[in-house]
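Asks: Sequence:
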Amino acid sequence: MSAASGTFGDRMKHWRIEQLDWDAFDATKLDPDVIPIVKAASVVERNSLDYAAYLNNVFIGDPDFAKAADAWAVEEVQHGDALGKWAMLADPTWDYKSAFQRYRQTYKIDKDVDASIRGSRTGELIARCMVETGTSSFYTALADSTDEPVLKAICKQIAADEFRHFKLFYDHMHRYLGREKLGVIRRAQIALGRVLESEDDELASAFYTTNVPEGTDYDYGRCIADYMARAMPRYRPNHIQRVVSMIFKTIGIKPHSVIQTGTAKLMYRIIQFKSRRYQKQLAG
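Numbered continuously in our numbering, the sequence shown closes out at residue 1078.
In case anyone wonders, no lab produced these hints; they're calculated from the structure.
Do not take every clue at face value.
List time: in silico DSBU-like cross-link candidates among lysine-lysine, alpha-carbon distance up to 30 angstroms [stated by the list, open to error]:
| hint | residue 1 | residue 2 |
| --- | --- | --- |
| 1 | K902 | K1068 |
| 2 | K1043 | K961 |
| 3 | K879 | K950 |
| 4 | K823 | K961 |
| 5 | K1043 | K879 |
| 6 | K905 | K975 |
| 7 | K950 | K1059 |
| 8 | K879 | K891 |
| 9 | K1068 | K950 |
| 10 | K902 | K823 |
| 11 | K823 | K1043 |
| 12 | K879 | K975 |
| 13 | K861 | K1043 |
| 14 | K823 | K946 |
| 15 | K861 | K879 |
| 16 | K946 | K1059 |
| 17 | K1074 | K1048 |
| 18 | K891 | K902 |
| 19 | K1074 | K1043 |
| 20 | K975 | K950 |
| 21 | K879 | K823 |
| 22 | K1068 | K946 |
Work out the full structure, taking the sequences as your base and the hints as a guide.
Replies: Shown next, in the form of structure tokens:
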């Protein structure tokens, strides 16, 4: 049964949008810098059915993984819908559905593949682990930085889902490692490559289609700066420690070590530097 099926999807969800206390929304606790990044995040999450189609093509002949990918996509779509509903409360002039359609017309992924762009199925799963590492840390950081109670509740639910998704892809990665035998260095290369893609066209396009008026030319540099200048300051050292721990676990390096602590400190400094650079870019 596909990810689009309501019955299958409902059974796979660990929570539902209607269970959230939407009446607790408090406009007096809104941070105006949060609203644009939530709008952008909503359409990226909602687009996960395309990624599920891509994954099903990469993992054709593996029904266990296909079932897992479909279940993952159902939960990701719900993330987008919850964030989109919140964003419309925060900005009643904004329409989530039309913004998503605009995003779909602007940003497309190649679903019609027969192999992973990462070179192997193990490589694809490493990349998925990196995505879930990034999203679980992002929503944790966003939950910790907002005082608006409904957004805080949504982000906590999403962060918990994303951590489970990391575990899902991690377990499948180990299943394939037994066949494909990727060493630590190659795994590290793939992981680092995917981490560096966090500032790619996907987020810039999402910011553009959800926050920039139609008819305005797309400026990647401006859009990624607009997004990152708002998102990066929300990270704290504890968030980055967890990120590095999950990365090390994925590539096969012992976590909770002196190397991990040093790497986390360096990564946090890099994030602070890039955050200041993006803010200066916007100010200029």
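Asks: State the violated hints by number, sorted upward, taking the hints as numbered earlier in the document.
Replies: When the structure is compared with the hints, numbers 4, 5, 10, 11, 12, 17, 19, 20 turn out to be violated.
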